[in-house]
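A.B. asks: Residues per chain, in single letters:
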Amino acid sequence: METTNLIWLLPLPPLLAFFIIVLFTNKSNKLSHIVGVSAAALSWAGAMVVFFRALGVDHFGEHPFTDSIPWLPLGDGWLEIGVRIDPLSAAVLFFVGITIFMIFLYSVGYHNFGQPKGDHDKQGLPPHGATVEDEHGHKHTVPSVEPMYARFFAFIGLFAAGMYTLVISDNLLTLFVGWEIMGLCSYLLIGFWFAKKSARNAGIKAFMTTRIGDVFMLLGLAFLYTATGSLSYEVIFSEATLHALAATPAFWGLSAAGAIGLLLFIGAVGKSAQWPLHVWLPDAMEGPTPVSAMIHAATMVSAGVYMTIRIFPLFSAGWDGHALTPTMSIIAFIGAFTALFAATIAIAQNDVKGVLAYSTISQLGFMMAAIGIGAYVAAAFHLITHAFFKALLFLGSGSVIHGMEHGVLHTGDHSVDPQDMRNMGGLAKKMPITFWTFLIGGFALSGFPIVTAGFWSKDEIFADAWAHGHTAVFVTLALAAFLTAFYTMRQITMTFLGDAKTPEAEHASENTWTMTTPLVVLAFFALAYGWVGIPESFPIIGGLLPNWFHDFVGHTLEHPMAAPEFSWIPLLTSLTVALGGLALGWVTYRNFKAGAVDPMRKLLGPVYHFIENKYYFDEAYDVLFVKPAIWISEVFTNKMDQGVIDSILHGFGTVSFAIGKFIREKFDTPVINRFIGDGSAEVVQIFGRKLRKVQTGRIQEYMLSALGVLFIIFIALYYLVLA
Amino acid sequence: MQITQILFLIFAAIILGSAFKVVTTKKMIHAAFWLIVTLFGVAALYAMLNAGFMAMVQIVVYVGAIAILFIFAIMLTRKELLDSAAPLNKNWTVAALFALLSFSGLFTLLNNWRGFANTAPELSADMDTITELGTALVTPNAYLLPFEVASVLLLAALIGAVYVANEAKSE
Amino acid sequence: MIPISWYLILAAALFSIGLFGVLARKNAVAILLGVELMLNAVNINLVTFWRYNAPETVTGQVFAIIVFAVAAAEVAVGLALIISIYRNRNTIVADDLDMMKW
Numbered sequence: 001m002e003t004t005n006l007i008w009l010l011p012l013p014p015l016l017a018f019f020i021i022v023l024f025t026n027k028s029n030k031l032s033h034i035v036g037v038s039a040a041a042l043s044w045a046g047a048m049v050v051f052f053r054a055l056g057v058d059h060f061g062e063h064p065f066t067d068s069i070p071w072l073p074l075g076d077g078w079l080e081i082g083v084r085i086d087p088l089s090a091a092v093l094f095f096v097g098i099t100i101f102m103i104f105l106y107s108v109g110y111h112n113f114g115q116p117k118g119d120h121d122k123q124g125l126p127p128h129g130a131t132v133e134d135e136h137g138h139k140h141t142v143p144s145v146e147p148m149y150a151r152f153f154a155f156i157g158l159f160a161a162g163m164y165t166l167v168i169s170d171n172l173l174t175l176f177v178g179w180e181i182m183g184l185c186s187y188l189l190i191g192f193w194f195a196k197k198s199a200r201n202a203g204i205k206a207f208m209t210t211r212i213g214d215v216f217m218l219l220g221l222a223f224l225y226t227a228t229g230s231l232s233y234e235v236i237f238s239e240a241t242l243h244a245l246a247a248t249p250a251f252w253g254l255s256a257a258g259a260i261g262l263l264l265f266i267g268a269v270g271k272s273a274q275w276p277l278h279v280w281l282p283d284a285m286e287g288p289t290p291v292s293a294m295i296h297a298a299t300m301v302s303a304g305v306y307m308t309i310r311i312f313p314l315f316s317a318g319w320d321g322h323a324l325t326p327t328m329s330i331i332a333f334i335g336a337f338t339a340l341f342a343a344t345i346a347i348a349q350n351d352v353k354g355v356l357a358y359s360t361i362s363q364l365g366f367m368m369a370a371i372g373i374g375a376y377v378a379a380a381f382h383l384i385t386h387a388f389f390k391a392l393l394f395l396g397s398g399s400v401i402h403g404m405e406h407g408v409l410h411t412g413d414h415s416v417d418p419q420d421m422r423n424m425g426g427l428a429k430k431m432p433i434t435f436w437t438f439l440i441g442g443f444a445l446s447g448f449p450i451v452t453a454g455f456w457s458k459d460e461i462f463a464d465a466w467a468h469g470h471t472a473v474f475v476t477l478a479l480a481a482f483l484t485a486f487y488t489m490r491q492i493t494m495t496f497l498g499d500a501k502t503p504e505a506e507h508a509s510e511n512t513w514t515m516t517t518p519l520v521v522l523a524f525f526a527l528a529y530g531w532v533g534i535p536e537s538f539p540i541i542g543g544l545l546p547n548w549f550h551d552f553v554g555h556t557l558e559h560p561m562a563a564p565e566f567s568w569i570p571l572l573t574s575l576t577v578a579l580g581g582l583a584l585g586w587v588t589y590r591n592f593k594a595g596a597v598d599p600m601r602k603l604l605g606p607v608y609h610f611i612e613n614k615y616y617f618d619e620a621y622d623v624l625f626v627k628p629a630i631w632i633s634e635v636f637t638n639k640m641d642q643g644v645i646d647s648i649l650h651g652f653g654t655v656s657f658a659i660g661k662f663i664r665e666k667f668d669t670p671v672i673n674r675f676i677g678d679g680s681a682e683v684v685q686i687f688g689r690k691l692r693k694v695q696t697g698r699i700q701e702y703m704l705s706a707l708g709v710l711f712i713i714f715i716a717l718y719y720l721v722l723a
Numbered sequence: 724m725q726i727t728q729i730l731f732l733i734f735a736a737i738i739l740g741s742a743f744k745v746v747t748t749k750k751m752i753h754a755a756f757w758l759i760v761t762l763f764g765v766a767a768l769y770a771m772l773n774a775g776f777m778a779m780v781q782i783v784v785y786v787g788a789i790a791i792l793f794i795f796a797i798m799l800t801r802k803e804l805l806d807s808a809a810p811l812n813k814n815w816t817v818a819a820l821f822a823l824l825s826f827s828g829l830f831t832l833l834n835n836w837r838g839f840a841n842t843a844p845e846l847s848a849d850m851d852t853i854t855e856l857g858t859a860l861v862t863p864n865a866y867l868l869p870f871e872v873a874s875v876l877l878l879a880a881l882i883g884a885v886y887v888a889n890e891a892k893s894e
Numbered sequence: 895m896i897p898i899s900w901y902l903i904l905a906a907a908l909f910s911i912g913l914f915g916v917l918a919r920k921n922a923v924a925i926l927l928g929v930e931l932m933l934n935a936v937n938i939n940l941v942t943f944w945r946y947n948a949p950e951t952v953t954g955q956v957f958a959i960i961v962f963a964v965a966a967a968e969v970a971v972g973l974a975l976i977i978s979i980y981r982n983r984n985t986i987v988a989d990d991l992d993m994m995k996w
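Chains as they are written, first to last, in our numbering: chain H, 1 to 723; chain U, 724 to 894; chain R, 895 to 996.
Since the hints were derived computationally from the structure, they do not count as laboratory data.
Be aware that one or more of the hints could be misleading.
Claimed, not checked - Among the chain U residues that face chain H by a calculated CB cut under 8 Å, a handful are:
#, residue
1, Val817
2, Ala818
3, Gly828
To be verified - Some chain H residues flagged as far from chain U (calculated, every beta-carbon gap over 12 Å):
#, residue
4, Val177
5, Phe687
6, Val694
Where a beta carbon is used, it is the ideal one built from N, C-alpha and C, also for glycine.
Looking at chain H on its own, in the form it has when it is part of the complex (with noise of 0.2 Å):
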């Protein structure tokens, strides 16, 4: 097939799902993953041929496929959508095809497939698990199978259709379309389990808070849409273009090209999860752990990130490669703060994913920060490996979590809660698989040196932030990888290692080849994937791989930007801050005990308990934003409408009303009806009467008098008109 004509087809499949699933097959649970998870692989396996096809290209930043066709008539011309894959895409479509195949096989087993249905699971709850009597007449009770399993297929395929659209469109628009299908989707999957109120409540913070970044990328798009009057990366993103926007002043100092990054920059801060529009992720973790493994770590955060990358050229117009454009600053400070802000955070969760759910708002701060002192190739290195292993840690925990309900279901306590890391331990030997890939997730997370994925790609963040002299975030960041690395052992120690610390950790166990599998894969990729980024210049190793990834995406640039060159400080800094982190995490909680104070809190007293509550940024966002509107709501209720609103309608109807009644008894009804109705109608009656008599019903006086009245007018005209 054409590549082009291929590209086109990539959403179509997981948007067939959807339709097919919500229409035809949302009775058979079966029908229903059967044609979710093919769609997706059908998808993944496009996806695959297309990033192939394009490593085959000589040039292929150059040279990128592209077609486009005319979509909305406008007044003098078409708005042209297309797809158009460069390298940059090409290396987002390689792992957006893959994590998303692997997550929907995931959630086959994560569902519980198979199983019985549960005693007294409801639509919108969690299930609850099914008792079960084998042939000996004991009872067992086991997991049971989602209520509402065809939906979650329907909802996860139309987010991986919006995913696909987002990544292989050529323009802002189609991306933003796609953006906003996966806000939706986001919003679906987050409150799946609607029943629950703070699942529904997730679902809201998540939606309303990716809003406000929504409106301003979309103020963005309406200004870049004025300026330049095209919205296709290929005109935006000219040369030409560039340097009329750079040269435009718009507000506060910023060049309209700074300010149009800054604008779109704020849409991706909400859709990424960045400081201060982080909240809503940590909320998220409500949805059933695939769901934040896809949304929340592999695919739509990374849109964010992703469009960053894309409009890296548009607010570094006029960059010279020193001094910083004020919006990236803006980016690089954001980015910075994010990453060690939302890594503080982490350190003092319990929840498994909740923990996951920091360290992902704090790469992808890594990577934001990465953007804004120009290393977009460093970005879009971190964001894809950090894909790779996040997925994995996602789906590991969501093992994990599945591994402890099966724990919870056997001894029948359900007031363990099965996320809590301070309830597992010993999981090692219970679940060797989750265990070991998360082990590599962890690792790759904390960037432990070589072998990992993490490391390459945090490694080339720091060479290049140090290269550049941006010491700042250079500091910042290193604090950042600290924190990452210590959490991460902490959650690792807890989870996996030690002693059980409660009987629900003894009795779990290990899932089904359809969870197991993604896992292994994933865990592949979190290691090899790092391979192909090597700098050249590392010593010993650097060149026996060439740096594939940064000659290939550094291409999607007219002008790629030189590998940074090899210094050892930052490479000391980032092997001293992934072991230490890691040691000092195990050595810290290698100890820890079923009950006991976390050693942190005692450390740190009452800074622990403000980290803990996530720096009261919920509650403080509740405060200015939240009571203020349920207020101003209330008070336009109680007071504006009901008071002044109605009683000027009510004024209204009174008036309407007495003036209907006067013109009816005073006008309407003595002389329209009385003279006007009832005296045309006597009239007419009157005559019907007399003329009545004229209709005899015999044909030939009837033709009688039509020869009268004819002879009368042949007479009239002949003497008028002839004589």
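Use these hints to put chains U and R onto chain H, whose structure you have.
C.D. replies: Relative to chain H, chains U and R alone:
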């Protein structure tokens, strides 16, 4: 006085006289017979006008079909063979007045026409009216369409007549 | 030779006699007879005008033939109606058929 003029006057007298009998005679069956006489007279006029085909059609269609139809209808709608009541209704004087009026009106109009005293042009010897007429009736850019429409009209009349006359039985 | 006026006057007279029949006869069949007389008068006119004005074309005759067809159709339907009325009301006196009066 030429011989054709004398012949014309004789036929005209026959036509008018029998037509008068058609509208005034008491017995319906006689009226129908007088109609046949009128129709023969008209056919003779067609012959005098060199329209031989028309004359034949007049005899075949009018006399042979329509008049016979009338006779059947009269016999089907009579309670007794002798009609005793008056043939004309109470408005017959007005009707007579209107008839006279229409005749005088037509006569006045015709009298004012310049070509009222025209005589017929000579016909060329090799003229074949019947062939031409036949060709004209089946030629698409001549009169094929009116011809076909007329046949459709006849079919519709046939079906309508059968339906109307059958109504009583079908109930 | 016969001038055209003779034919036309004859046709006018025949038409008027037919009109009288239509207006004055009691019997419904006789009314139809009157209609036939009027149609014949029309046909005489058509053929006459053809002969005196345009004998080289056949238009006048074609018109007359169409009138034949119309007359046949009219008689068929008219007589069917009269027979139907006779069956239902046992009379064909036009003045008695006044069901449509006020």
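A.B. asks: Against each hint, give a clear statement of whether it holds in the structure.
C.D. replies: We went through each hint and held it up to the structure:
1. Val817: At about 6 Å, which falls below the 8 Å cut-off, the nearest Cβ of chain H leaves the hint on Val817 (chain U) intact, so it holds.
2. Ala818: 7 Å, holds
3. Gly828: This hint holds: Gly828 (chain U) lies near chain H, its Cβ roughly 7 Å from the closest one there, short of 8 Å.
4. Val177: 61 Å, holds
5. Phe687: Its Cβ never comes within 12 Å of chain U, the nearest being 26 Å, so this holds.
6. Val694: 14 Å, holds
Violated hints: none; the structure is consistent with every hint.
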